[in-house]
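K.L.:
Add chains B, C and D to chain A, keeping to what the hints say.
Protein chains in written order, with the working numbering: chain A, 11 to 110; chain B, 11 to 110; chain C, 11 to 110; chain D, 11 to 110.
Quick caveat, the hints were computed from the structure, so don't treat them as lab data. Treat the hints with care, as some may be off.
Copies of the same chain look alike in the list, so a pair counts if it fits in one copy or across any two.
Claimed, not checked - Keeping only pairs whose Cα atoms sit at most 30 Å apart, straight-line, the calculated DSSO-like set for lysine-lysine is:
id: 1; residue 1: Lys80; residue 2: Lys38
id: 2; residue 1: Lys77; residue 2: Lys108
id: 3; residue 1: Lys107; residue 2: Lys77
id: 4; residue 1: Lys38; residue 2: Lys76
id: 5; residue 1: Lys94; residue 2: Lys80
id: 6; residue 1: Lys77; residue 2: Lys42
Number of protein chains: 4
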Amino acid sequence: MAIVEVSIAPLLGLSDTSLSEYVADAIKILEKSGLQFQLTSMGTIIEGDLDEILGTIREMHESPYKKGMKRVVTSIKIDDRRDKVATSEGKVESVRKKME
Amino acid sequence: MAIVEVSIAPLLGLSDTSLSEYVADAIKILEKSGLQFQLTSMGTIIEGDLDEILGTIREMHESPYKKGMKRVVTSIKIDDRRDKVATSEGKVESVRKKME
Amino acid sequence: MAIVEVSIAPLLGLSDTSLSEYVADAIKILEKSGLQFQLTSMGTIIEGDLDEILGTIREMHESPYKKGMKRVVTSIKIDDRRDKVATSEGKVESVRKKME
Amino acid sequence: MAIVEVSIAPLLGLSDTSLSEYVADAIKILEKSGLQFQLTSMGTIIEGDLDEILGTIREMHESPYKKGMKRVVTSIKIDDRRDKVATSEGKVESVRKKME
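Chain A on its own, in the form it takes in the complex (with noise of 0.2 Å):
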């Protein structure tokens, strides 16, 4: 399981309202997958199985040319950890008891 990082951002034309709308296009199609995720204002936080994800992902990029934009640039981090379980919430949780 992956905890992936994803942010989608249209550029060419783009006036201030477009912006949150294309984001909210782009995570309908997120919500419409099943993966659980957590959005951010500087990004939004997926979990799952990898290939699901990036396969979400490759969709949710094509959405805001579906409504006319011209260049998007999608930035996507992906932490794959392999040797445990590793959920977002745990991620968490490990950095506050630390801090205690």
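P.N.:
Below, chains B, C and D without anything else, positioned relative to chain A:
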């Protein structure tokens, strides 16, 4: 006011235990700064004056060396909007509204 | 045609020698793909069909596990322009012209 | 000595022409700093004293606002090794040697 995401990753000689330990050290420095922040599994999102944030991140980047690490990779993403006050919560809220 | 930057960083138990060794393994996979790429000190820039690139990166991400690594962090940044053919060289050239 | 990759992307109201124009403005500031750098299609790689680099990036981040941009997204990745002098060229060379 800017919104900044930071992740600090010490490299070389890292054991499982130490990663969250080093992140915890850096977050303690951030706590002392008084800046508002949100800890996520893929980074830390900080809100506030850009120069204050960058000064604090500079200190955070230094913390793993104090415990003997020899190489630190720090990633910073700045979203700095000046036409209106953009908060971390406001950005997420804006996407949620568009999804309805 | 898309331009994609990728960096692959195995974590846990990493010695100095192994980091460039693991990167070399991943680049060998990229070489076999026939895709055009440029190796830099902070990542590898690949040009070509987006799906072909993402398929190759998926293989590259797998390579450190084959040598026993337990955790790999892979960062991908996609710049995908569809209004005209954008090459890596053309983007740099465009900035250089504006600087004159 | 650190190796730092930076990319500066003005958002909102951006036309095709302006993107490379804004990057060119930022690179001119970098040129004046005297720091060694390499311009790539996905960012700029700078070598030198970390504080000097971060000070220069702070100025570069400011440049699009001077031409009326209202929102700038700047990404910074710091690779800061202190056990030996790591140069940008040396890192690439190290991977190439392992590939032979």
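K.L.:
One pair to classify: Lys80 and Lys38, alpha carbons no more than 30 Å apart. Within, between, both, or neither?
P.N.:
For Lys80 and Lys38, both the intra-copy (21 Å) and inter-copy (28 Å) Cα distances are at most 30 Å.
K.L.:
Cα distance capped at 30 Å. Does Lys94 pair with Lys80 within a copy, between copies, both, or neither?
P.N.:
between (41 Å within a copy, 9 Å between copies)
K.L.:
Give the relationship of Lys107 and Lys77 under a CA distance limit of 30 Å: within one copy only, between copies only, both, or neither.
P.N.:
between (45 Å within a copy, 18 Å between copies)
K.L.:
At most 30 Å between C-alpha atoms: does Lys38 with Lys76 qualify within a copy, between copies, both, or neither?
P.N.:
For Lys38 and Lys76, the Cα distance is within 30 Å only inside one copy (14 Å; across copies 36 Å).
K.L.:
Have a look at Lys77 and Lys108 and pick one of within, between, both or neither, based on CA distance no larger than 30 Å.
P.N.:
between (46 Å within a copy, 15 Å between copies)
K.L.:
Classify it for me, Lys77 with Lys42: is the Cα-Cα distance of at most 30 Å met within a copy, between copies, both or neither?
P.N.:
within (19 Å within a copy, 36 Å between copies)
Of the hints listed earlier, there is not a single one the structure fails to meet.
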